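Novice: What follows is each chain in one-letter form.
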Amino acid sequence: MPRNIKKQSKMAGLPPGTLIHIGEKNPGKTKITLLTYDQDHYEKKILNTIQECFIYKDTPQIKWINIDGLQDVGLIQQLDEHFGIHPLVLEDILNTGQRPKIENFENYLFIVLKMIYLSPQGNDIVSEQVSLIVGQNICISFQEKEGDVFDPVRKRLEENKGRIRKLGVDYLAYALLDAIVDNYYVVLEKFAEDMEILDETLMNGSEITTARKIHKLKRVMIDLRKQIWPLREIIGSLQRGESKLIKKTTVLYLRDIYDHIIQVMDNIDTSRDMLSGMHDVYLSSISNKMNEIMKTLTIFAAIFIPLTFVAGIYGMNFEFMPELKWRWGYLAVLGLMSGIGVGLIVYFKKKKWF
Amino acid sequence: MPRNIKKQSKMAGLPPGTLIHIGEKNPGKTKITLLTYDQDHYEKKILNTIQECFIYKDTPQIKWINIDGLQDVGLIQQLDEHFGIHPLVLEDILNTGQRPKIENFENYLFIVLKMIYLSPQGNDIVSEQVSLIVGQNICISFQEKEGDVFDPVRKRLEENKGRIRKLGVDYLAYALLDAIVDNYYVVLEKFAEDMEILDETLMNGSEITTARKIHKLKRVMIDLRKQIWPLREIIGSLQRGESKLIKKTTVLYLRDIYDHIIQVMDNIDTSRDMLSGMHDVYLSSISNKMNEIMKTLTIFAAIFIPLTFVAGIYGMNFEFMPELKWRWGYLAVLGLMSGIGVGLIVYFKKKKWF
Amino acid sequence: MPRNIKKQSKMAGLPPGTLIHIGEKNPGKTKITLLTYDQDHYEKKILNTIQECFIYKDTPQIKWINIDGLQDVGLIQQLDEHFGIHPLVLEDILNTGQRPKIENFENYLFIVLKMIYLSPQGNDIVSEQVSLIVGQNICISFQEKEGDVFDPVRKRLEENKGRIRKLGVDYLAYALLDAIVDNYYVVLEKFAEDMEILDETLMNGSEITTARKIHKLKRVMIDLRKQIWPLREIIGSLQRGESKLIKKTTVLYLRDIYDHIIQVMDNIDTSRDMLSGMHDVYLSSISNKMNEIMKTLTIFAAIFIPLTFVAGIYGMNFEFMPELKWRWGYLAVLGLMSGIGVGLIVYFKKKKWF
Amino acid sequence: MPRNIKKQSKMAGLPPGTLIHIGEKNPGKTKITLLTYDQDHYEKKILNTIQECFIYKDTPQIKWINIDGLQDVGLIQQLDEHFGIHPLVLEDILNTGQRPKIENFENYLFIVLKMIYLSPQGNDIVSEQVSLIVGQNICISFQEKEGDVFDPVRKRLEENKGRIRKLGVDYLAYALLDAIVDNYYVVLEKFAEDMEILDETLMNGSEITTARKIHKLKRVMIDLRKQIWPLREIIGSLQRGESKLIKKTTVLYLRDIYDHIIQVMDNIDTSRDMLSGMHDVYLSSISNKMNEIMKTLTIFAAIFIPLTFVAGIYGMNFEFMPELKWRWGYLAVLGLMSGIGVGLIVYFKKKKWF
Amino acid sequence: MPRNIKKQSKMAGLPPGTLIHIGEKNPGKTKITLLTYDQDHYEKKILNTIQECFIYKDTPQIKWINIDGLQDVGLIQQLDEHFGIHPLVLEDILNTGQRPKIENFENYLFIVLKMIYLSPQGNDIVSEQVSLIVGQNICISFQEKEGDVFDPVRKRLEENKGRIRKLGVDYLAYALLDAIVDNYYVVLEKFAEDMEILDETLMNGSEITTARKIHKLKRVMIDLRKQIWPLREIIGSLQRGESKLIKKTTVLYLRDIYDHIIQVMDNIDTSRDMLSGMHDVYLSSISNKMNEIMKTLTIFAAIFIPLTFVAGIYGMNFEFMPELKWRWGYLAVLGLMSGIGVGLIVYFKKKKWF
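Residue numbers (my numbering), protein chains in the order written: chain A, 438 to 791; chain B, 438 to 791; chain C, 438 to 791; chain D, 438 to 791; chain E, 438 to 791.
Just so you know, the hints here were simulated from the structure itself, not pulled from any lab data.
All values reported here derive from a predicted model rather than from experimental measurement.
Any given hint could be a false lead.
The list makes no distinction among identical chains, and a pair is therefore deemed to hold if it is satisfied within one copy or across any two copies.
[Said to hold, decoys possible] Below, simulated SDA-like cross-link-like pairs (lysine to any residue); rule was C-alpha separation at most 20 Å, straight line: (1) Lys482 to Lys500; (2) Lys592 to Gln676; (3) Lys598 to Asp703; (4) Lys603 to Gln498; (5) Lys762 to Arg591; (6) Lys788 to Ile736.
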């Protein structure tokens with residue numbers, strides 16, 4: 438969408454691999470959280486500098502480094518030097534206008550995708566880029582700002598629920614992806630509600646704002662689709678075992694995510710069809726309203742114009758108009774008028790105009 | 438559709454393999470029916486507990502366990518332990534928002550699809566998830582609630598009609614799938630009737646409810662399509678003999694189901710085209726009605742407004758208006774008015790306005 | 438289409454291979470015609486019972502058994518037993534709601550397709566299911582009722598025209614398919630005429646029936662497309678030599694049919710585009726007509742309403758209205774009115790409203 | 438398109454390979470032109486009978502036989518016998534309703550395509566079928582009538598320009614195809630002009646003929662697309678070197694044609710998009726015009742109807758209407774009327790109605 | 438688009454490889470710039486004749502020859518002779534109506550694509566053809582006129598920024614392609630602004646020019662899409678390492694461009710969807726406006742026509758109309774009229790007409 442374009446156009450002309458943060462600036466310090474765990478052990482630390490985590494590099498435990506905030510380019514560059522991440526990958530992490538993708542390097546996997554959630558006020562949909570680097574016993578996740586959908590994963594790690602502490606870093610990566618995809622449903626539920634409200638509005642009136650709302654929802658839907666669709670490919674690639682970092686036992690779980698993505702896509706497509714249908718109904722309702730207005734006008738005009746004409750005749754000033762002298766002339770004309778009026782009303786009733 | 442979304446969003450954050458029933462709760466006990474049969478033998482039992490069927494595990498006879506109702510999560514978990522079903526499969530069985538799919542495990546096949554039938558009142562279309570686990574000599578079917586389309590299969594088993602008792606568990610699975618697919622035709626027939634009624638309504642009037650009805654039918658059609666379409670892939674996969682549980686002799690029968698699914702899809706597509714056509718005709722009929730209304734108005738206005746004007750002239754109070762004094766002035770004016778009126782009527786007749 | 442659905446839904450619940458005739462019942466006896474021929478010999482017999490043809494089973498001559506009428510299920514069952522046809526094939530023959538398809542069995546080919554022709558009155562399009570079983574030296578064709586498009590083939594056989602008597606049973610099958618496909622052109626020609634007539638109607642008026650007719654034609658077109666489209670696949674499969682019954686020399690002829698089917702499909706697609714265009718023109722013409730009506734109304738109203746107002750002024754009964762006393766007051770007002778009228782007419786002329 | 442259908446339906450029932458000329462009959466003799474050339478030699482002859490060219494059969498020089506007119510079926514049959522062309526190919530040559538295609542025979546290539554050019558008057562688009570048979574050192578081209586786009590090729594041959602005389606018969610075939618494809622640009626240029634004119638018409642008015650013209654152009658576009666699209670496949674097939682008659686050096690040139698066809702298709706698609714846009718603008722302009730008409734009506738009616746009502750009040754004949762007696766009553770009412778009139782005008786001005 | 442067609446149709450009939458400049462003529466001399474560089478060395482020269490660069494042919498340094506202006510056909514022909522470029526390639530360079538493409542020759546790569554940038558005034562989008570010939574240590578770029586988007590690349594070369602001087606000619610080619618693709622974002626940003634402005638216009642009014650502007654933007658979008666889309670294929674082909682001139686290290690950078698192109702395409706598609714939505718809203722707003730106009734008319738007419746009729750009754754001149762004599766007749770009628778008026782206003786208020 439245009440938003441991304443604006444960001445991206447700033448980079449025109451820079452050499453590749455230049456690290457520039459492209460995206461919303463959010464002030465405040467980058468927050469680094471380190472989780473180390475194995476079957477028996479679990480530790481959570483909030484680090485002040487990225488260097489603090491380098492000492493864990495070769496420990497056998499699984500390390501999950503989560504970085505909230507991309508504004509500190511220097512910090513991210515140090516990761517490059519320490520863990521040997523390709524500069525183009527770092528560029529992609531910093532540039533938040535990425536399309537979801539997966540890249541397979543010799544000793545790590547790079548996955549970038551969109552975390553979509555409702556704003557704390559619950560009215561807006563927030564799309565935040567999440568990048569994952571999955572290496573041997575280490576997973577580094579990058580987020581644009583604090584606040585994410587990973588809390589259930591953290592809780593499972595802490596409370597040693599399920600199998601997460603028993604399985605490797607690939608399962609952790611799966612759990613993170615799963616948390617992101619599961620949250621899409623929450624967003625879609627909000628949509629479903631918005632659509633229901635819109636559908637009811639449609640029943641009652643047909644103001645121009647309705648058309649705008651339908652198209653706004655449609656636009657968000659298209660946007661969402663574009664952000665989610667490439668995920669299918671990503672999970673597919675992981676499933677096919679193209680990376681040696683993904684163990685066989687995890688593949689089955691990935692198939693589950695895959696099914697969910699297909700379901701989400703199905704939902705989005707159905708919603709688009711429904712919005713198209715609502716637009717059609719909206720147009721029909723405008724036309725119907727117009728018909729109703731025109732009927733009202735026609736009934737009024739068609740009844741009173743002839744009557745006024747009759748009155749006009751007897752308002753003429755001719756000297757020789759015998760009817761004017763008749764005793765019952767006036768009543769006769771009133772009768773005639775009533776006759777015409779009733780006749781026309783009956784006629785329109787028959788035509789089912791009212 | 439939104440309905441599924443609401444269900445699914447409850448699961449966000451739970452570890453994979455968590456068994457939670459997602460779907461309509463229907464109170465009442467889960468009903469377990471066990472059918473054991475071979476060529477010479479047929480037995481039907483209604484079980485109180487799932488354990489009762491475990492003793493049959495290694496008998497050579499074919500066992501069909503049918504479970505109506507998914508609310509008893511514990512019961513389903515026991516199956517897991519006893520028959521060695523993967524927890525993700527059980528999760529899928531309980532989550533009734535599944536997209537139809539087939540999964541090939543080492544010693545069983547897992548098929549999930551939608552049974553679609555008319556509600557007993559015959560007005561609504563009910564979509565119920567059916568899961569099949571097909572193993573060596575055993576077939577377990579899971580349904581959301583009592584009442585299904587399998588009665589003809591049960592009757593054939595009981596009365597030993599056709600070849601069903603002579604052939605293996607793969608043929609039983611085929612028979613169940615066939616019963617489900619055959620019932621799609623019944624649903625489509627109901628649709629065809631609804632569409633015929635709608636088409637007639639369209640002939641007579643063009644109320645806004647017609648547009649709504651067209652779009653409602655369209656929506657159900659899209660929904661149906663989404664539930665049936667993946668079946669094609671499922672049967673295709675079975676046909677290609679990707680599972681060793683499916684014998685060669687059964688493949689030919691599966692081809693038959695495959696043809697039926699294609700036919701059903703063809704039908705749905707044709708119906709959608711017809712509904713689109715009906716919407717177009719509907720819009721045309723609104724426009725035509727508007728034309729008719731406007732013609733009525735125009736004819737009335739165009740005839741009487743000039744006449745009223747003429748009457749207005751001779752209603753003026755000028756002192757020197759010689760016509761007012763004429764002996765035949767009044768009649769002449771009446772004649773003039775008739776002339777104008779008839780002239781305009783002829784003009785509109787010529788334009789074929791009425 | 439709905440028609441098929443109604444038929445098909447009767448079969449729900451029956452075991453596969455159950456022989457039930459699904460389709461229009463046409464009373465009267467099934468007609469069996471046997472043609473035996475080789476290069477030097479040609480014989481035509483009308484049989485009373487199907488058994489009469491069994492004696493020819495192993496003769497070296499080519500046998501073409503044509504069966505008109507599917508109501509005699511028993512007769513068709515005998516073919517099964519005698520020639521070893523699979524029961525599912527017989528079921529497909531009897532069920533006239535088939536989608537065109539080809540099935541390759543070990544010693545015979547089964548082809549089912551639609552023969553489309555104009556009814557003898559020439560107004561309706563009749564679609565009849567034709568099934569072909571092509572075996573070693575034998576071809577059995579099944580039709581729903583008497584009357585077909587095979588007469589030119591019969592004549593060529595009888596008069597030994599072309600190469601038909603010199604070549605094998607695969608060439609006979611080709612000739613029959615070719616006759617069916619060639620006849621599609623005749624049907625399309627009828628369509629082209631209908632469309633031309635409709636196009637002319639469109640030039641003259643824009644009644645609601647036109648919209649209906651356009652959509653009816655479109656529907657028939659969609660229907661036709663669905664019946665013909667699968668043929669492409671069938672001929673393609675024959676061409677690729679997937680059956681050993683088709684000799685190399687015949688493949689070139691099949692390529693010819695293939696080209697024809699593509700041409701027919703092209704035609705249907707073009708016709709659909711044309712019908713869409715006609716619908717657009719229709720909608721435009723309704724809007725234009727509305728504009729014309731509104732112009733008429735506006736011109737009448739805009740001219741006479743101001744004039745009537747002027748007349749109204751001088752119809753007021755104020756005591757002190759000096760104009761009323763003027764000698765030329767009446768004429769002056771008439772002049773003023775003419776001026777207003779002419780001015781407005783000129784104004785509308787300039788706006789090119791008439 | 439319907440035109441072809443009419444032709445084709447005549448063939449229904451004829452045995453395959455029957456030589457019948459299907460297409461416009463153009464009287465006059467078939468014109469046979471023989472060109473023989475090699476690097477040093479060039480000769481042009483107009484032949485009276487086809488036999489005259491048979492003597493050249495085995496000369497090492499390259500022979501291009503061009504046949505204008507297909508009405509002489511006998512002549513074309515002799516080619517069959519002499520050069521060993523398959524009867525189905527000859528049938529295709531004579532039947533001018535062919536879809537462009539290429540067929541690869543053992544010792545010759547058969548290409549059929551459409552030559553599209555402007556009629557000499559420059560107003561109509563003429564589509565003529567050209568068939569090419571390319572053999573060892575011989576190229577036979579068949580055209581429906583005299584007049585073609587090959588003159589530049591002939592000139593290059595005669596004047597020994599470029600490499601045409603140095604290269605083989607495959608290069609000649611390429612040159613002919615190139616001439617045909619190059620001419621598509623000329624036709625498209627004419628289209629572009631027609632569309633520009635139409636676009637200007639659209640700016641000025643919105644008569645129903647505009648809608649018709651847009652759809653006529655659209656139809657021609659669809660038609661053109663269908664005639665050109667299969668060429669892509671043909672050239673693609675030639676390029677892939679599927680025929681041993683095409684030398685490697687020629688393949689590069691064919692790639693050039695391929696690019697041109699893609700460009701032509703791009704153009705046609707863009708034009709279709711533009712025509713769709715024009716139709717949308719047309720519909721908008723009708724609606725806008727309607728709005729304008731209705732505004733005019735509403736302004737007139739809304740201003741004068743209330744004024745007429747005021748005049749009507751003082752035209753009542755009540756005995757006790759004090760205003761009528763007032764000295765300034767008349768002027769006061771005139772003032773009141775002016776006030777109402779000006780007020781309404783200001784109101785509509787504010788609403789930006791005029 | 439039509440523009441290209443006009444150019445291209447000039448070439449009809451010319452032998453392939455004829456060098457003719459097709460495109461806008463821009464007077465002035467062709468400008469040749471030679472850049473030679475390696476890790477330690479950088480030199481920039483403006484050449485008067487193309488021959489001056491031939492002496493560098495076999496130096497180990499990387500040479501980038503940039504040619505601005507295609508009008509000097511002779512100059513380009515010399516390149517052919519000296520560097521052994523195929524004449525068809527030169528023809529493609531000169532013909533500025535090319536579709537983006539890549540061609541793989543034995544010792545050089547030929548890439549043609551579109552450089553799209555805003556005109557210096559910033560209002561128009563300029564599309565200029567850029568051709569690249571990438572050989573061993575040499576890159577020749579051809580542009581239609583002076584002024585390009587390569588300045589950042591030149592600066593990086595001059596200032597030895599990034600890795601550009603360390604890497605080979607394939608990286609230079611990548612840098613040029615990257616500069617072109619990066620600039621697409623700048624163009625799209627301009628579009629996004631235009632669309633925002635249009636969207637605001639849409640909020641306020643609904644003039645016919647809005648429809649035109651929407652369609653103009655749509656057209657430019659379609660145009661842009663067509664010019665950018667083939668790039669995907671080009672970069673894809675380079676990435677797959679189909680040319681030995683592209684080193685492995687560069688492939689990763691190409692993947693980056695590939696992602697950008699996909700992003701640009703996504704953007705264009707989203708913009709098209711948004712424009713379609715805007716057109717729909719536009720149509721809705723026209724219909725709404727019409728409804729509003731009709732309501733105004735109907736309210737005025739429906740209120741005053743009955744009142745005028747009442748006034749008309751008491752304007753009749755019957756001798757026996759008792760009401761006329763009543764003391765309070767006039768006031769009673771005025772009261773009646775107010776009653777009717779208020780009643781109708783209340784009625785329309787209830788209908789929410791104003």
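Novice: Taking the hints in turn, state whether each one holds.
Specialist: Evaluated hints:
1. In this assembly of identical chains, Lys482 and Lys500 lie within 20 Å of each other by CA distance solely inside one copy; the values are 11 Å within and 54 Å between copies.
2. Proximity of Lys592 to Gln676 under the C-alpha cut-off of 20 Å is found in neither arrangement, the shortest distances being 26 Å within a copy and 43 Å between copies.
3. Proximity of Lys598 to Asp703 under the C-alpha cut-off of 20 Å is found in neither arrangement, the shortest distances being 31 Å within a copy and 41 Å between copies.
4. In the homo-oligomer, the alpha carbons of Lys603 and Gln498 lie at most 20 Å apart inside one protomer (11 Å), although the nearest pairing across protomers, at 40 Å, exceeds that limit.
5. In the homo-oligomer, the alpha carbons of Lys762 and Arg591 never lie at most 20 Å apart, since the shortest distance is 102 Å inside one protomer and 95 Å across protomers.
6. Taking the shortest Cα distances, Lys788 and Ile736 sit within 20 Å of each other both inside one copy (11 Å) and across copies (16 Å).
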